[in-house]
Structures are given as C-alpha cells and as structure tokens.
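Protein chains: 4
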Amino acid sequence: MAEPRDPQAVADHVGRAMLAGDAASSGLGMQVEAMGPGTARMSMRVQPHMLNGFRICHGGYITLLADSTFAFACNSYNQLTVAAGITVDFLAPAQPDDVLTAEAREISRAGSTGLYDVQVRNQAGTLIATLRGRSHRLKDRTTVPE
Amino acid sequence: MAEPRDPQAVADHVGRAMLAGDAASSGLGMQVEAMGPGTARMSMRVQPHMLNGFRICHGGYITLLADSTFAFACNSYNQLTVAAGITVDFLAPAQPDDVLTAEAREISRAGSTGLYDVQVRNQAGTLIATLRGRSHRLKDRTTVPE
Amino acid sequence: MAEPRDPQAVADHVGRAMLAGDAASSGLGMQVEAMGPGTARMSMRVQPHMLNGFRICHGGYITLLADSTFAFACNSYNQLTVAAGITVDFLAPAQPDDVLTAEAREISRAGSTGLYDVQVRNQAGTLIATLRGRSHRLKDRTTVPE
Amino acid sequence: MAEPRDPQAVADHVGRAMLAGDAASSGLGMQVEAMGPGTARMSMRVQPHMLNGFRICHGGYITLLADSTFAFACNSYNQLTVAAGITVDFLAPAQPDDVLTAEAREISRAGSTGLYDVQVRNQAGTLIATLRGRSHRLKDRTTVPE
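Residue numbers (our numbering), protein chains in the order written: chain A, 1 to 146; chain B, 1 to 146; chain C, 1 to 146; chain D, 1 to 146.
Keep in mind that the hints were calculated from the coordinates and are not lab data. Glycine residues also receive a C-beta, built at the ideal position from the N, C-alpha and C atoms. No false leads were mixed into what you were given.
Estimated spans, in silico, between C-beta atoms of each pair: (1) B/Ala9 <-> D/Pro37: 33 to 43 Å; (2) B/Ala92 <-> A/Ala110: 17 to 27 Å; (3) D/Gly21 <-> C/Gly125: 23 to 33 Å; (4) D/Gly21 <-> A/Asp6: 47 to 57 Å; (5) C/Glu146 <-> B/Leu138: 30 to 40 Å.
Given these sequences and hints, build the entire structure.
What follows is the structure, encoded as structure tokens:
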C-alpha cells in the first residue's frame, strides 16, 4: 500500500503517530486538534497535579504543551527534527481546569534550521504564553515510519 | 516564635515550604538539594511517563525542573517573585532513569527584576540544558508564611 | 494648541520626534516608514562601516535596526517604555547595499509589560532576522513632549 | 614558517586578524583586551553617535559590543563559526563616555553547536547587559588565514 505523499496527509499521519508514541504528551492528556505542513494545534486541560504553590498552573507545564506543539509542527514533514532552544514569555496565569490551546506556525525553514512561533491561549482566548522555538533537522531520517 | 532572619535560614525555610505546597514539583519527585540567598539546587529522576517518542526525556520535563529551580532561587528571599520569561537551550539528551540536577544562581537583581542562570546536568556531570530566567518581584508579599 | 489624541496621530508624532532625538538611529540613516498604535516599520541601508570580516552586515547592526523598530513600536502610545530584553535569531546574511526593512507588531500588552515581534527583511523580501522583545513601561512619563 | 598550533597563540592570532578585517567592530573603536580558547574580552567607549533619545547608549550598540565579543570567542579556535541566535537582557543604562567591557565565555561546545555567555560591565563594574549566544560552526573552514 502506497504511503500518502500529500503534505497535509503526511502531517496528519505524523500527528497521530507522534502522539501515540509520545508518553509525555499523551500522558498529560494532550490532544492534537489540527496538523498541517509546518503547523500544529494541540490542547491540554490544567489538572490538579500541574498546579504550583500559588494554585495556578506551573509554568513548566504550560511550556510542556507549547514545546510539544512546536515539536509536532517542526516534524510535520516527517523529517526527524529536534528542538535546539526555546524562549518562553509568560503573560497571564492559567487556572485549574482551564483548557489551554497551543498553536504553532513556521516562521522560517532554511537548511537544517527552522524557527517557529507558538501561542498558548485559554478557553476565553486570553494569551497565556508565547514560545519561540529553534529546531534542527537531522539528515535522512523520518520522524515516524511511513 | 520569632522568624529566622538569617538569609540562609530564610532560604532553607522557603525551600521546604515551597516544595510542600507545590504539587507540580513534588509530584514529579523533585527534591531540594540546597538553598541559599539567590540560589537553589534541585534534582529529579527521569521517569517513564516523561519520555517522548524518541525514548528520551521530553524537553518540557527538563524545562520543568529548570524552571522550578529558577522559581525557588528567585523566591529564596521570601519575597513573592514570578517568572516573566525563560530561554532554554537543549544541549544533550536525558535518558530514562537519569538523575538530573539543576543548579540556579543569580546573575542580577535590581528593582523588581532578577536574572538567573540554571544549568541542568545528569549524574555523569554532562550539561543537558541551560535556562536563563527573568523574574518579576511583586510588592510587599511573602512567598510562604513566615 | 491642543495635542492630537487620535492614536494614529499620536504614533506618527512619536515616530517623528523620537527619530529627531535619537542620534543612534538617525546617524545610521534609519527612516521611519510607518507608525501605528503598537506598530512601527523602519528601514536602513547596509553601509560599508557595518560590514564584518566576512563582508556581510554585522549581526549587531541588524539587531540595531530591529531594536530601534521595537523601541518605536512600544513607545507609540507616547508612554515612556524601555527594552527589558530581546531574543534575536539570524536567518540569512544581509549584503552590502541591501535595504533592510524591519516591521514590529505588538503581541501582548498588559500592566507595564509588553511583548513585540520584529521581522527584518531585505529588498527581495527575504527574512533576514527576527527579534522578540519584552518591554517595560515606566509610570506617568511621556516618551516625547506632547 | 610554521603556524603556531598552541590554542592560546591561535586565539591571539584570530583576535588580531578578525579585528583588522572587521570594519564594524574596529570602526566603533572596539579593542580586543584578551583572547583565549573559547573566550574573549573586548571594550568600547560610548560615543555621542551611540546615544538614543534618552541620552543613554542605544541598546543596539551595547548588543553590538556583546555580539562581537561572542563572535570573537566562538571563532577563537580558528574554525569558521557564525551566530545563530542571541538573547540579550538589559540591566542598567550605559552613559556617555562610559567604557564598556564585554567578557565572553564558553558554556558548551558539542558537534557544530556552541553556547556562550557574555557579560557587559561599565568602568565601575556595574553589570549593564548579558548576552547568551548560540553559534553554528561551518565545516572545514578557517575564520582567518593561518
């Protein structure tokens, strides 16, 4: 059976296969809302074990959602790509039971380097955090089996 | 009973009280190895639920440890301080069962703004990631009860 | 004479007055192409004294253009605002005589903190660099005289 | 005549040759105070043309000094290396005629990627800004002729 080569189909396939294999993301209840070439949208509910001492979501868990969404977006071409670095700005707190949605888009992709922006919003549309990620593509390796 | 005013004693007190109240950090098995004025050292074992699809520790969990250590360090004076932004560089993968230790130190503190560096190393001393964090101190509030 | 209160007029006024007073930006031949509430677009030609040893524009001069554009955008409301930190990613080299255009837009503004994105492109539209800037607004001070 | 292979001698040679060929850095009056394997220390006086509308040094010129020092440090092995990205935090203003000294040191170097920290201080030792830089080494090319 031939593998889909359509970029959208490849991205959809990567999204499903990455989530299935990614214990960290699936273990936190993350869901893949949408995939595309260079893009991903993922969501996660803020659970009690994610709260810090101020009874708001630990910034690390917000980062985890943003970082996963970045990883899914930069792997959407099914070329194995890793995160080299991220810059995260925290703009508003996330409360218990908030449903956070992270949307990643590609700013640049040249050679083995990619640059991505991720915005994390709550269910009211409030911007909670932004992530800028730099990715590094490895040579001649797929992210998931075709 | 009088509160300890010695900066080291304050930092030790903050470390214990923050960890006790921080479901996110304690729930991941983080331990506070040392506290001081402007510094913190914390450790965490890489557990199966932290692995991504490449069978290495999800960068978000490495960030979580580094971000917690940053938070503990910038709150070590028991003045309520929040993370404004972080920059993380991922340098080497963390493997299952690795014990990661994050060490935070203060670069600058002026007005309400602080700047901190965190280095995350594995049990062999390999540098896994670095975090640079910018903090914002709120006015006239303690982090934990004196 | 009454001061214009229209946000666009305020931004235009700030752009003119800031450039006139800013020896660093005007000395490099920067021009303000457009101003708006939370936005700015500025341009600069790559001159011989901006070249590094590789005969391309020194990254610092690209940053200077991006940083000025960020400063103009975050001061566009005529409330004195300073840069707290920037993250710059260099994506492609800028050549001698290239005309670089930087476009800044506001991502977030809450309390005294703002977050801005700047993209620097050459005359062919190639993305040369991106800057993410965090700003801090001072209380009750204008940037330029009304 | 054989080329010096001693790492310190190589770094010294690179420092001299880079500065001689770098119109941007030398044109601002930058001086190389010290070079070493993975390190550099450079200084620059704040001149009138570097001032912004607040009559302090434009952050872009502070960044220029820090970025040059980063470039010199990551090229100190005479292996051609370019800046991929920088994060700069501005901590205190630099005044007219201040002499700024930037000191760069290597945090990590693995494969083609390096990570460097730069601290910029004035003549009183006040920390003015910090830069964290990520570098990318090109294959099989020297920075300056041996």
